[in-house]
Amino acid sequence: MNESPPAKAPLNPWSIWVPIIIAALGLVVFYNYLIYRSRIDNDVDRPPIYGRLEKDLELTERNGKTVHLEELKGKVLVISWVFTRCPRGCAAVIGKLKQLHQEFANEPGLQFISVTLDADDTPEMMKIFASGLGIKDDANWWFVNGEKEAVRKFMTSQVQFRPVQDMPEKDRLSPDDKYIHDLRVAVIDHRGHVRGLEDILNADPDAQKFWDEKIRKDLRYLLNEQKKSPYVPPAAAK
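Be aware that the sequence shown starts at 2, since it is given in the working numbering, and climbs by one per residue.
Because the hints were derived from the structure by calculation, they are not lab data. None of these values were measured; they are calculated from a predicted model. Treat the hints with caution; some may be incorrect.
[As the list claims (entries may be wrong)] Below, computed lysine-lysine pairings styled on DSS-like, alpha-carbon distance capped at 30 Å: (1) K228 to K171; (2) K56 to K229; (3) K171 to K218; (4) K99 to K137; (5) K215 to K171; (6) K137 to K218.
[Stated by the list, open to error] Distance ranges between label pairs, derived from CB positions: (7) K218 to E170: 20 to 26 Å; (8) P206 to K228: 30 to 36 Å; (9) A106 to A204: 28 to 34 Å.
Glycine included, each C-beta is placed from N, C-alpha and C at the ideal position.
Build the full structure now, drawing on both the sequences and the hints.
Here you go:
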């Protein structure tokens, strides 16, 4: 007796349409990504990325309290490298930053940080240095010190400042004129990317004007970026 072949199961239309729908969605996502990248690449005002702050740093603030950089996640940072007995450009850098601090006083998402490169600078010395330049004990401007090697490694490898050098004795203006160091100012976005190394104390007047305008433009851009897409801590994102 001949057996008839088993009947074929009806074809499920979803077995055809599901892969097509997934592929179409993938194309839409990819197309939107290309548009997004095109907008970024054509945004001439967008500050480039020079690096990223990957690690935390423990510091002592001028009020004597221990602070950590990770406390400032989500803020735009303006970082300077100074020391209290500097006879050269440190006071001038702080003077320029003071103007910025006043201009952006209504921006709670902006934090100034002045890090001393001199391990001998005590909190009291930093407090006197800041108050002598008219900087009040303001919550959004830290004057900090930390362990010498940790600070210097962080500032060069993370913030992208040039390494500190000892000033040759023959070139010293005074016994306290001990260091050659980077007088540029680093601008960090709210996600920890280094977005500017601003030479606001450039000796050439035209160049100094350029950098004065650039740091303001960069800060406005990054603060706007921060407001459009605030930082969300990993725990809160879950």
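Structure-based check of all given hints:
1. Of the pairs offered as hints, the one joining K228 and K171 is violated, with about 50 Å between alpha carbons and a cut-off of 30 Å exceeded.
2. With a CA separation close to 25 Å, the supplied pair K56 and K229 stays within the 30 Å bound.
3. Between K171 and K218, the direct Cα distance comes to roughly 40 Å. Violation of the 30 Å bound is thereby established for this hinted pair.
4. Between K99 and K137, the direct Cα distance comes to roughly 10 Å. Compliance with the 30 Å bound is thereby established for this hinted pair.
5. Between K215 and K171 the CA atoms are separated by roughly 36 Å; this puts the pair beyond 30 Å, and the hint is violated.
6. At most 30 Å may separate the alpha-carbon atoms for a hinted pair to count; K137 and K218 meet this at roughly 25 Å.
7. Taking 20 to 26 Å as the suggested C-beta distance range, the pair K218 and E170 does not conform, at roughly 41 Å.
8. The given range of 30 to 36 Å is respected by P206 and K228, whose C-beta atoms sit roughly 34 Å from each other.
9. Distance hint check: the CB atoms of A106 and A204 are about 29 Å apart, consistent with the given range 28 to 34 Å.
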